[in-house]
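Asker: Spelled out, the chains give:
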Amino acid sequence: MSVDRATVAKIASLARINMSEADLDTMVPEFNTILNFVDQLSEVDVSGVEPMTAVIPNKLRLRADAVNADPLTGGGIRDKILANAPVAEHGFFGVPKVIE
Amino acid sequence: MLALHWKNALALQLNRRSGGEMSNYRIQGATGEWEVVIGLEVHAQVTSEAKLFSSSSTQFGAEPNTQVSLIDAAMPGMLPVPNQECIRQAVRTGMAINAQINKYSRFDRKNYFYADLPQGYQISQLYHPIVGEGELLIEADEKAGLPEDKVIGIERIHVEQDAGKLMHDQHPTMSYVDLNRCGVALMEIVSRPDMTSPAEAGAYLAKLRSILRYVGSCDGNMDQGSMRADVNVSVRRPGEELGTRTETKNVNSVRFVMQVVEVEAQRQVDLIEDGGTVVQETRLFDPTSGTTRSMRSKEDAHDYRYFPDPDLLPVELDDAFLEDCKASLPELPDAKRARYIEKLGLSVYNARELTAEVETFGRFETLLAETAKILGKDESALATQVANWSLSIAPGVLKSLGDEANPAYSTAEAQAKILKMQDAGEISGGQAKEIYEIVLKTGRDAEEIAEAEGLKQVSDTGAIEAKIDEVLAANQDKVEQYRGGKDKLFGFFVGQTMKAMQGKGNPAVVNELLKQKLG
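Listed in order, the protein sequences are those of chains A and B. In case it helps, this note's numbering puts the first sequence at residues 9 to 108. In case it helps, this note's numbering puts the second sequence at residues 798 to 1316.
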């Protein structure tokens, strides 16, 4: 499997990443190198094997419905949340106006 | 696919017809009749304390960005762990619409870049939703333009994350972002294109809201955005192939959904009849002008590049979990309505009015149980009296008093005492209202009010007989005419007797004694 220049340019635009022609010159072969590497997987015969999401028989863990049960995954940390914002005003992130 | 079918969870006793049949709603165009085809995608916020994949709070109206965790803000290295309650509520909702519950479901990433979604993708369920096909009954309501019962198919329910909120009007050059809502669990409930009139679309949304509120899986608060509908509309010549549809996003009331169907179908008919073509596109509804307009989104905006979320294992539900979900379901609207009609002997109208809202049937059932208890009677013997009281009399009194009434005094106990006195013939309907007024204003005991304020009707035969004798003595000529065959005069005697008793005579006793005396 490989991708062409137009596809790479489109993916970049969907992700809102600005890519110059020079960037595309390097990016297209890099994409294809990755795809070729992954393509090796299709050489494995998986007939008769159910599609799986993990090779270890793991079960999905569910969380109890409790607010801020774990300080690492709870709210109430606005300062931390906004710490890296280029602009933070009145407790909001400020972003360039995104309305037509 | 592993699946359980809950088709028989509820046996509907009501007459029904299958979905897909046509209502009589037609748009009269210049070139003939047009039929409308409608499907709704409803986003319902799942009732839970914490978000779908993090433990930050879901509470509405908090200070901006105070309910955002590192997961919600998509900080590198954070991993989502699903909230069991959100899964449970989606399953319970599925069961309430007789849907197939998928014991195996999975989360996918829907990729798009926007300021309200720091992850750059929404975690949703495209390929394996948690709930499969179900259905919902909309009841006949002649006045609302629904001549017959109709079953609307539901294609699926999947669970997904909500996005944050953008405010565009607070700053001249910037938009402000509040991520409090980001990551809150939503159910997306997708109907089949089975609706064919604004009335059906409105009834579908109202019924869905009612079911969600019965189940407790969504508060149904449309003002706060807890429920919003994407309305898919197309038009066609009766019986012909489906036309191209448009999708009007985020419509937040039953009335607006009906309005969107009406104006969007008319717009499409006008467009086609003028030689134009309907474009498949996303539109927005402007309630002020009552029109829809194109969102003019870029062509590739819908290239979501879905793929299974590698951070999340499949959701696998076991039988014990499903049994718990099923056991936790309350009696649902259709079953309750059928029971009210069949077991309690209520009219179709009363049953429908009482079962529409959780609060209404809650008040009714509490009052019915209380009244039956203090009277020692069967609930079915009192149901109609209590239903009329709950639906029209009590709300009427409350409304007429306005601010004078203290709703805290409207207890089931107080109302049951009034109904008891009325049932025993001690007070008339008018007196019941007067007593309830005083209860609402003062919180005094209903029986004490009846005594103290003289709000009782006289059932004592001796007292009534004495008044009747006076009336008959004063109207000898009319007595003669009555005995001579002028039956209509009976009403005159009743009126005169009641007047002599200042309206406090028990009408049944007055009638009975008058009949005896006039012989």
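What the hints contain is simulated information worked out from the structure, not anything from laboratory work. Glycine included, each C-beta is placed from N, C-alpha and C at the ideal position. Do not rely on the hints blindly, as some may be mistaken.
Pairwise CB distance ranges (calculated) [claimed, not checked]: (1) B:R1033 to A:D53: 58 to 64 Å; (2) B:P873 to A:M27: 18 to 24 Å; (3) A:V95 to B:G1087: 21 to 27 Å; (4) B:L1039 to A:A17: 51 to 57 Å; (5) A:D31 to B:Y1103: 23 to 29 Å; (6) B:E1037 to A:V95: 19 to 25 Å; (7) B:Q1021 to A:L43: 43 to 49 Å; (8) A:N66 to B:T1208: 25 to 31 Å; (9) B:Y1103 to A:E38: 40 to 46 Å; (10) A:R69 to B:G1193: 52 to 58 Å; (11) B:T1088 to A:D53: 58 to 64 Å; (12) A:N66 to B:A1124: 24 to 30 Å.
Asker: So, for every hint listed, does it hold in this structure?
Answerer: Structure-based check of all given hints:
A beta carbon spacing of about 50 Å between R1033 of chain B and D53 of chain A contradicts the range 58 to 64 Å that was offered as a hint. For P873 of chain B and M27 of chain A, the hinted distance range of 18 to 24 Å is satisfied, since their beta carbons lie about 22 Å from each other. About 38 Å separates the C-beta atoms of V95 of chain A and G1087 of chain B, a value inconsistent with the hinted range of 21 to 27 Å. In this structure, L1039 of chain B and A17 of chain A break the distance hint of 51 to 57 Å, their C-beta atoms being roughly 36 Å apart.
A hinted range of 23 to 29 Å for the beta carbons of D31 of chain A and Y1103 of chain B is consistent with their spacing of about 26 Å. Between E1037 of chain B and V95 of chain A the C-beta distance comes to about 54 Å, which lies outside the given range of 19 to 25 Å. The given range of 43 to 49 Å is respected by Q1021 of chain B and L43 of chain A, whose C-beta atoms sit roughly 46 Å from each other. The hinted range of 25 to 31 Å is not satisfied by N66 of chain A and T1208 of chain B, whose Cβ atoms lie roughly 54 Å apart.
The beta-carbon spacing between Y1103 of chain B and E38 of chain A, approximately 24 Å, falls outside the hinted interval of 40 to 46 Å. Taking 52 to 58 Å as the suggested C-beta distance range, the pair R69 of chain A and G1193 of chain B conforms, at roughly 54 Å. For the hinted restraint 58 to 64 Å between T1088 of chain B and D53 of chain A, the CB-CB distance of approximately 59 Å keeps it satisfied. Between N66 of chain A and A1124 of chain B the beta carbon distance is about 29 Å. The supplied range of 24 to 30 Å therefore holds.
Hint violations for this structure: numbers 1, 3, 4, 6, 8 and 9, all remaining hints satisfied.
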